[in-house]
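Participant: Kindly generate the complete structure, drawing on both the sequences and the hints.
Those sequence lines, one after another, are chains D and L.
Going by my numbering, 13 is the number at position 13 of the first sequence; the sequence numbering is gapless.
Going by my numbering, 412 is the number at position 412 of the second sequence; the sequence numbering is gapless.
Quick caveat, the hints were computed from the structure, so don't treat them as lab data.
Since the model is a prediction, treat every value here as computed from it, not as a measurement.
Among the clues, some could well be false.
[What the hints assert, rightly or not] Here are the simulated BS3-like pairs of lysine-lysine, each with C-alpha atoms no more than 27 Å apart in a straight line: (1) L:K75 to L:K337; (2) L:K501 to L:K226; (3) L:K579 to D:K85; (4) D:K85 to L:K337; (5) L:K226 to L:K337; (6) D:K50 to L:K615; (7) D:K50 to L:K226; (8) L:K628 to D:K50; (9) D:K50 to L:K244.
[What the hints assert, rightly or not] Partial list, computed: chain D residues near chain L (C-beta under 8 Å): (10) A12; (11) R17; (12) A23.
Think of the CB as a built atom: it goes at the ideal place given N, C-alpha and C, for glycine as much as any other residue.
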Amino acid sequence: MIGDWLDIGALAEIPARGARTIAVAGGEEIAVFRTGDDRVFALVNRCPHKHGPLSQGIVHGHAVACPLHNWRISLETGHALGEDKGCTPTIPVRVDAGRVLIARMAALATAMAA
Amino acid sequence: MGFQVGSIGKAEAAEDAAVGSREHLVVIGNGMAGCRAVEELLAREPGRYRVTIFGAEALVNYNRIMLSPVLAGEKTFDQIVINDHDWYEGNGIRLITGDPVIAVDRETRTVRSESGVELGYDKLLIATGSDPFIIPVPGHDLPGVISFRDMRDVEHMLRAAESGGDAVVIGGGLLGLEAAHGLTLRGMKVTVIHLMGTLMERQLDEAAGWLLKSALESRGQTILTKADTAEIVGTGHVEGVRLKDGTLIPASLVVMAVGIRPSVALARSAGLDVGRGIKVDDHMVTSDPDVLAVGECVEHDGQVYGLVAPLWEMCRALADGLVDRPSGYRGSVTSTKLKVSGIDVFSAGDFSGGDGAEDIVLRDASRGIYKRVVVRDDRIVGAVLYGDTADGNWYFDLLKKREDIAPIRDNLIFGQAYALGGGQADPKAAVAALSDDAEICGCNGVSKAKVVQSIVDGAVSLDAVRSTCKASASCGSCTNIVEQLLSMTLGADYGGERTVKTLCKCTSFAHEDVRREIVAQEMRSIPEVMQKLHWSTPDGCSACRPALNYYLLCALPGDYVDDQQSRFVNERMHANIQKDGTYSVVPRMWGGLTNPRELRAIADVVEKFNAPMVKVTGGQRLDIFGIKKEDLPAVWADLNAAGMVSGHAYGKSLRTVKTCVGSDWCRFGTQDSTGLGVKIEQMTWGSWMPHKFKIAVSGCPRNCAEATIKDFGIVCVDSGYELHIGGNGGIKVRATDLLCKVTTEEEAMHYCAAFIQLYREEARYLDRTAPWLERVGLDYIKSRVVEDAEGRDALAARFLYSQRFCQDDPWAARAQGSEREQHAHLGEFRPLALEAAE
Ligand code: SRM
Ligand SMILES: Cc1cc2nc3c(=O)[nH]c(=O)nc-3n(C[C@H](O)[C@H](O)[C@H](O)COP(=O)(O)OP(=O)(O)OC[C@H]3O[C@@H](n4cnc5c(N)ncnc54)[C@H](O)[C@@H]3O)c2cc1C
Ligand code: SF4
Ligand code: FES
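Facilitator: Written as structure tokens, this is what we have:
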């Protein structure tokens, strides 16, 4: 659904290999990641382990190392990598002409459900 | 130039409309796609359509991608013409140039040009290409600010270059770099301003981008990355570009090459379906069955393209459809090459890796080569090549054909010749196949024969080879090959070695090797280290990035620009993350002393920000818990206002200097332990270290400050100061060793500085002093800090020098708004109900 993409800001506002958050009133925070190769990914900002804020982890490749206990979470699928088991919901997001667009309904539905 | 063609008059147009019974195909856009489509059509059924082409440019069809070589002086315009007048005439095509079409009426099936020509069509083909994007900063419309899209732009640049001077190119993508290259060759002094951290970030990864940047800089260009244009200044003509950080770069010419947008205005006003581009189906038909579109102006299956290869494929499908033999276009995978002579860059497909994708990386630092092939499920999905692009097309071919590469995987990265050469499946075969005089170690110029000879002569381990023939003794990049030679020569006798613990899985180097090479090769950035030391991953991992960041910081005090994204959250946020995602804040209390002003400020912060807990720490200061990320800058501002700075309770850095009351009050005190503690904390605070570092000063051997379990502990005695090192009260308790005894406070501080610097320069990242001391031995540390007076002075001097750049309170800057993005949300969603109601 094309009309449902919401512009949340410029790509340049997210540090490369970093993340920014989106507050959702009454719901979970969303973390929007930018990788070293300038791809963006959005996940609920909550580690499947003990709810660490993934936005604060070290981003490498297409994964983030959780700041609390260093689980590695795939930015593409939200799944924990390696030995660990668990999954964080992901939200469709894309970049167009330097702007970051998020699938609005999906974002809200996911953040409110989580 | 001589290709000018005047537009035709109205009378002529009316006459024209009456002609012929063949269907009339009108093409809007005389560029690469429009003309190619006509060529494809002619190749199929030459007589089927009567063709008219409108072109906004006053020129015949030329090869737009060759504008770069024209600018660089490698080609003339005549050499890049694709179809000259004879072609149009010979094929009965009517060409109307210098006259853009400004309206399409789909009801009456007519088009109208700027000069008023009106023509009817049976089929209409829109091939209007793209418009350069102009960032709307103040001054963007000043004379002298141009884009890089057509021959007029090139002529403008050539005129500007005649008088030399400064040029600024905004945009470090393919176009911008080709413009910068051309202008440099034409004698201008060129600065490239690029918003992102990496040049050509959409085609290149960080490693290749860094190599490219170094190469361009060595050709005299100034490359500014992470640079954001604020305005273009000048009165009457451009005079310079001002960046958001205030820098002013003089320029008599500004080329904006920040991107392109499909040119869709005409199609949109004609009421066609338009997304990012004009929407077309697999046969390049738009939402109107009689209107087709092709080239950069279209959007097919959600994709828009900015390269020519897809256009060729689109044109074939389009022509097949026009002659009723529809084949269908299915989208393209693209590859890019940079056309800058002497710099070879190739990129194709998706090199971003991701789940299930594996990187095969080859780095050859001495030849400036970086190759990365991304493989998923035994198929190549992307490739980035720098320095040696000979195999680019081969990889691209394998990628497009989705060829199973499992059988050649081990040799894939060495290129087609190796991988397919005689079907050698064993990677050792590549080494075996090297001739005797092939150079194995570039640093020391050692041939294969020489390495083999020294192995035969008894050097049966890597170390022995290194010390006899010097192969692999310098940068180490040939270590793999030397090991293969060892195993080939010794056969089963060689069991392999490399017992060294590598820094992490991204490298075969140990911490010590990396540190040594950073200094020896004067490396200056993380991507540089990764390239020169042959990292096997494109951007490292959460283990090596913080380590490299520290090693560089330690090696280049004052020069190295800290990479925030390579720091653990606490050091990036300058606060300690808690299990619920909030932060704790610990302001410094020098030597454990405080006063009413500080206590009041802390109490106020606790109340104002509803901190759920405040606690006295084991480090003699107060810890405020439960602060929200967004509130941190405000908390710091309040603490700063009371004169307090960060306590670095989060850092691999000096934590606290614990003291006891000492001779000022205590009946046993021998010296002013509190005063000395404060002085030492003032000397050492802010310093980044391999791990956290704790100091204590006790006033007598009763040792109330627990100095003998600290990294550096001072126990005051009647005759002076005992200096203790390598203590740890943590996971594994270790009491300190006595380093030596000194008689004055100045000496105690001097030794402390020297010891810290030795630790900073030589310990592995994440080594506390205790395990480091046990590894290197107390005697070694004594020999450097106690016995070698000159060495001690030098160590202390280096420490104090680096402290000049570290003792800025990180909180102060952030309280004032720097690094805002670390704290503030990017945005906010309102509740579902409100959203839906919109
Ligand atoms: C706050 C404090 C406990 C307290 O309430 O007293 C504390 C709290 C933490 N300590 Fe500690 N340590 C505190 C004094 C100590 C001490 C006592 C001291 O410094 O005199 C020790 C033993 C002495 C030593 O370090 O040798 C201590 C040994 C550790 C260790 C084990 C270190 C080791 O080498 O074995 C860790 C884990 C680590 O660093 O990897 C640790 C890690 C931590 C962390 C940072 C855990 C973490 O990573 O989140 C805790 C942070 C909580 C926070 O948000 O503030 N803390 N920690 C103390 C802060 C002191 C300060 O003012 O800066
Ligand atoms: C300097 C430069 C270097 C490049 N290098 C490469 C490269 O190395 N590799 C690569 O693959 N690609 C490269 N490209 C991109 C490549 O040139 C384009 O992908 C290609 O030209 C697109 O073809 P097109 O026909 O869609 O658009 P164009 O070639 O731009 O043709 C569109 C034409 O339509 C005309 N037009 C627009 N509106 C109207 C109107 N209303 N009426 C009449 N005419 C109109 C325009 O004036 C233009 O002449 C480069 C581009 C440039 C500018
Ligand atoms: S002792 Fe353990 S629980 Fe207590 S503060 Fe230190 S790390 Fe946290
Ligand atoms: S909460 Fe993320 S690793 Fe424990």
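Participant: Run every hint past the structure and note whether it holds.
Facilitator: Right, here's what the structure says about each hint:
Note on K75 (chain L) and K337 (chain L): the hinted pairing holds, with a Cα-Cα distance of about 18 Å set against a maximum of 27 Å. Using a Cα cut-off of 27 Å, the hinted pair K501 (chain L) and K226 (chain L) is violated, with the two alpha carbons roughly 36 Å apart. Using a Cα cut-off of 27 Å, the hinted pair K579 (chain L) and K85 (chain D) holds, with the two alpha carbons roughly 19 Å apart. The straight-line distance between the Cα atoms of K85 (chain D) and K337 (chain L) is roughly 42 Å, outside the 27 Å bound, and the hint therefore fails.
Proximity of K226 (chain L) to K337 (chain L) is assessed by CA-CA distance (about 23 Å); at most 27 Å being required, the pair is judged to hold. Simply put, K50 (chain D) and K615 (chain L) have alpha-carbon atoms about 24 Å apart, close enough for the 27 Å limit, and the pair holds. Straight-line distance between C-alpha atoms of K50 (chain D) and K226 (chain L) comes to about 35 Å, which puts the hinted pair past the 27 Å bound. Taken as a hint, the K628 (chain L) and K50 (chain D) pair is honoured in the structure, with Cα atoms around 18 Å apart against an allowance of 27 Å.
A C-alpha spacing of about 40 Å is found between K50 (chain D) and K244 (chain L), which places the hinted pair above 27 Å, so the restraint is violated. Annotation: interface hint on A12 (chain D) holds; nearest CB of chain L at approximately 6 Å, less than 8 Å. Given hint, R17 (chain D) at the interface with chain L, holds; its Cβ is 4 Å from that chain's nearest Cβ, closer than 8 Å. Residue-level restraint check for A23 (chain D) holds (minimum Cβ-Cβ distance to chain L is 4 Å; threshold 8 Å).
In terms of the numbered hints stated before, the structure departs from hints 2, 4, 7, 9, listed from lowest to highest.
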